[in-house]
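Engineer: Here is how the chains run, residue by residue.
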Amino acid sequence: MTTMALGSWPGGFAWAFSRDFRLAWRNPGETVLVVAFFVLVASLFPLGVGADMRLLERIGPGVIWVCALLAAFLSLPAMFSSDYMDGSLEQMALSSHPMVGWVSGKIAAHWIMTGLPLTVLSPLLALQYGLEPDTLLVLAAALAIGTPVLSLLGAACSALTLGARGGGMLLALLALPLFVPILIFGAGAAQAQASGLSPSPHLSLLAAGLIVAAMGLPAAVCLAIRIALD
Amino acid sequence: MNWSYFSSPSTFYRLAGWLSPWFFALAAILTAVGLYYGFVVAPTDAQQGEVYRVIFIHVPAAWMSMFIYFVMAAYSAASLTFNTRLGAMMARALAPTGALFTFVALWTGAFWGRPTWGTYWAWDARMTSELVLLFLYFGFIALANAFEDPRRGDRAAALLALIGLVNLPIIYFSVHWWNTLHQGSTVKLTGTSMHVAMLTGMLLMAFAFWMYSIGAALTRVRSIILERERRARWARSL
Amino acid sequence: MNHGFYLWMSYGATAIAIAIEIATLAAGRARARRLIEEERDLEAQD
Numbered sequence: 001m002t003t004m005a006l007g008s009w010p011g012g013f014a015w016a017f018s019r020d021f022r023l024a025w026r027n028p029g030e031t032v033l034v035v036a037f038f039v040l041v042a043s044l045f046p047l048g049v050g051a052d053m054r055l056l057e058r059i060g061p062g063v064i065w066v067c068a069l070l071a072a073f074l075s076l077p078a079m080f081s082s083d084y085m086d087g088s089l090e091q092m093a094l095s096s097h098p099m100v101g102w103v104s105g106k107i108a109a110h111w112i113m114t115g116l117p118l119t120v121l122s123p124l125l126a127l128q129y130g131l132e133p134d135t136l137l138v139l140a141a142a143l144a145i146g147t148p149v150l151s152l153l154g155a156a157c158s159a160l161t162l163g164a165r166g167g168g169m170l171l172a173l174l175a176l177p178l179f180v181p182i183l184i185f186g187a188g189a190a191q192a193q194a195s196g197l198s199p200s201p202h203l204s205l206l207a208a209g210l211i212v213a214a215m216g217l218p219a220a221v222c223l224a225i226r227i228a229l230d
Numbered sequence: 001m002n003w004s005y006f007s008s009p010s011t012f013y014r015l016a017g018w019l020s021p022w023f024f025a026l027a028a029i030l031t032a033v034g035l036y037y038g039f040v041v042a043p044t045d046a047q048q049g050e051v052y053r054v055i056f057i058h059v060p061a062a063w064m065s066m067f068i069y070f071v072m073a074a075y076s077a078a079s080l081t082f083n084t085r086l087g088a089m090m091a092r093a094l095a096p097t098g099a100l101f102t103f104v105a106l107w108t109g110a111f112w113g114r115p116t117w118g119t120y121w122a123w124d125a126r127m128t129s130e131l132v133l134l135f136l137y138f139g140f141i142a143l144a145n146a147f148e149d150p151r152r153g154d155r156a157a158a159l160l161a162l163i164g165l166v167n168l169p170i171i172y173f174s175v176h177w178w179n180t181l182h183q184g185s186t187v188k189l190t191g192t193s194m195h196v197a198m199l200t201g202m203l204l205m206a207f208a209f210w211m212y213s214i215g216a217a218l219t220r221v222r223s224i225i226l227e228r229e230r231r232a233r234w235a236r237s238l
Numbered sequence: 001m002n003h004g005f006y007l008w009m010s011y012g013a014t015a016i017a018i019a020i021e022i023a024t025l026a027a028g029r030a031r032a033r034r035l036i037e038e039e040r041d042l043e044a045q046d
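Residue numbers (the numbering used here), protein chains in the order written: chain A, 1 to 230; chain B, 1 to 238; chain C, 1 to 46.
For reference, chain A alone in the conformation it holds in the complex:
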């Protein structure tokens, strides 16, 4: 860590990323919870709606996406709150690293521990729902592009609600409406592939969303943290 230049964007990114990654590695409970929730809820649907494979194949992309959304949402409160409570967030804000750097690092670490495992596991769940291989691939691709946007949007909502009354409910009210376009395009991509249409409009819009989110949201998260710390 000290080999990275102090006071630089990559330095801050690498520092925060490796810190959060190591913390999660030592306490894998949070990550395991997210993954277990994802698999569990996705397995509940066939039990509830019956094992009609044609029905499952139709609802599969949407259900898997909703489970990914909810699982990602579960991990949001913890993104900044423990650092906020014990004062390390304030210390990081005062450090010489530019804020955007280490905030981006935190968000990237969050995605590695939530969105990435969900994306990797999605083919298994897709097989449970009887999705065709090409649909499965498009679904995984859509998740790969969309879950980072969920992490970015989720980070903004999490930072905005630090120390707020209403806790998790307020976070849900803020985050889930913002997630909706990602859900629509992400599930839509897989559904398009399944009905023989091209998924590329959906995937392109998702990618565009990722670019815009990656460019704009880290700065917004920084502002939200500054608002919380004042």
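Hints listed in this document are in silico derivations from the structure and should not be mistaken for laboratory results.
Every residue gets a Cβ at the ideal spot worked out from N, C-alpha and C, and that includes glycine.
It is possible that some hints are incorrect.
Quick look at which bits of chain B chain C covers, simulated, 3 or more residues with Cβ under 8 Å [unchecked claim]: (1) 53 to 60; (2) 88 to 101; (3) 106 to 120; (4) 211 to 221; (5) 227 to 234.
Please arrange chains B and C on chain A, whose structure you already have, making use of the hints.
Structural biologist: Structure of chains B and C alone, referenced to chain A:
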């Protein structure tokens, strides 16, 4: 003229109090004329009969729901950039009216859709993003009131309003991007295919809602100013 | 259902919603005035 004179809460309080009755009066007159056009002048529709007259509320309400959000976001941007209290108070004053028009647009849309398309609700692009807009308004109001320190609520909600701004183009353009139940827009900047009396009624109602929104926001901001500034000398001497 | 039902439900709900908002505005004004009175009382006690 020194415009920053009006950004002091006490001055704006007086200005808003002087202005708001005029906006309400204008709204009432425009509503009367608009509904006259809508129900007396405008003819019965060839396909939909009388029920199309919901359009005189539905479309103006939908326009206002988006416009108010845009103004709210503009005030939010100004309040964050210039760190003014009044900008944030105006954003808070606009939010409930914006939520009201979003609800009205969704409700009247449902009661127009049932007799014409056969369903109260469909998950098409425009309806879904309008519903998301309603939740954005709720989120703004909830976040603004979620903190002991009202300034923290001001700034957090302002940032949220800006993040949610991306939803507006999605609503506006959704009708072009998807082939859904909603017809393409019949009112464009280049002209319209609507009957002129129907268009007049719709535009008059849109202006009526606009004037009402300004009146409501000015009234609401006065209460917010009084509450916030109640320890100031000018407030106590009212 | 004849078309009158849908028109009444639409216009009626709008009228009710606006009435509720105006009532909320009035209540907000009353509350602000009350808070000012309290501040004035507090000041008078000093």
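Engineer: So, for every hint listed, does it hold in this structure?
Structural biologist: Cross-check of the supplied hints:
no.	hint	in the structure
1	53 to 60	holds (count 4)
2	88 to 101	holds (count 3)
3	106 to 120	holds (count 6)
4	211 to 221	holds (count 4)
5	227 to 234	holds (count 3)
The structure is consistent with each of the numbered hints, conforming to all of them.
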